[in-house]
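Quick note, the sequences are listed as chains A and B, same order. So the first sequence is numbered by this note's numbering: it starts at 1 and just counts up by one. So the second sequence is numbered by this note's numbering: it starts at 1 and just counts up by one.
Misleading hints may appear alongside valid ones.
[Stated by the list, open to error] DSS-like mimics (lysine-lysine), calculated; alpha carbons at most 30 Å apart, straight line:
no. : chain 1 : residue 1 : chain 2 : residue 2
1   : B       : 46        : A       : 15
2   : B       : 27        : A       : 15
3   : B       : 27        : A       : 48
4   : B       : 27        : A       : 46
5   : A       : 83        : B       : 27
6   : B       : 27        : A       : 131
Hint data in this document are derived by calculation from the structure and do not stem from the laboratory.
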Amino acid sequence: MRLGIAYDRLRYEEKELFNAAQKSGYNPVMVYLGELTVDLTEGQRKLKETASVVLQRCVSHVRGLHVAAAFENVGVKTVNSYKVSSLCGDKMLTSLALAKAKVPTPRTLVTFSPEQTLNALDALGYPAVIKPVVGSWGRLVTRVRDREEAMSQIEAREAAGDSMNQVYYVQEFIKRPERDLRVIVAGDEIVASIYRYQPGGDWRTNVARGGRAETAKLSGGEMETIIRAAHAVGGGVLGVDAMEGPDGLVVHEVNGTVEFRGAASVSDTNIPNKIVQYAASLVKR
Amino acid sequence: MLVECQQCGGEVAVPSDAISGEIVSCKDCGSEYEAVIGSQGTIELKSAEKVGEDWGE
C-alpha cells in the first residue's frame, strides 16, 4: 500500500495526513504539483506506480480537478474523485445534486444578467445572499440588505469582468443563530462535527475568516441529513456545512477538499487518521 | 536552516523537516516563500503564489 497525497501548497492538513499515513504504515508519497509532470501519452505506467490511492488535497480547485483526472485515467483511486470534486467546486452543481436528493437547502436562484439578478433578489426578499459559484473561504459571499446594496454588488461584479462572477448564485438568507455547522464525513461515517461561530463584525462563520470552533452534538435526524448530503455529491471525504434554520437543518455547502484545523483543535477524534483509514479502505492492502 | 530573503536580505528559517510546498516567511519583511526541497536536501525558495480565485476547500 502506498498512499499518495497530491497537493500544491502544504497546509497543516496535508502534514497531518502525511503523519497519520506514516503511523499506519501506508508509505505516504507526497505528490507536489509544483514538481509534477504528467506524461499523457507515455507516462501511464509511471503515474500508476506512484500510489495505490491518492488523497487529492490541492488548494486550487482547477489543479485538483486535473490531477484527479490524471490519476483516475490510469486506474488510481482518487479521494475525492474528479466527479465529486467538480460537483463540490461549483456551488450551483452542488445545489443541483442536493436538490435532486431532496436534501433541505436554502432556496437558491441562479441568474446570468444584472437585471435578472435584481428580479431574483426581489423575488427572494431582503436580506439575501449573493455568492460566486466558484470560490471558498467565504470570499465574495455577500449579504445584501436591500435593493440598493444589491445594485452596488452587481455593479462591482460586472466591473470586475470575470465571467465566473457573472453567474449569479442568489440565496435566501436563513435566520439562524450566530453559528453554523461544519461536519466532516468520510464515507458513511461522521468523523467530527463543530459549530462555527461568526467573529465580531462579520456575519460569515468561516474559520478562515476568524470563525470560532466548538464541538457540536448532532441529533439522529441531523446526522441523517448530513450523510444524505454527502451521498448526494457522490461521497468521499467531505465537509458538509449546514445551518439551523427555523424549520430544521438546511445544507448550504459541501466542501470537497475539507480543511480540518479548526475542527481538530476542539475534537477528540483523530481526524487525519480517520481520513487516511477511509482512503486505505478503498483499495486492497 | 536559514536562507537569505530574496526581498530584503534577511533570514528565512526553513524547518529541518520541511516538505516541498511548505510556506515559510521572512521574519524581517514578512515576504512569503514556498520551500522546494531537492532530492539531495537542497532548499530553494520560490515566491509564494497569491491566493487564486479558485483556492479554498
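Next item on the list: Check each numbered hint against the structure and report the violated ones by number, ascending.
Entry: Going through the list in order, the structure violates hints 3, 4, 5, 6 and respects the others.
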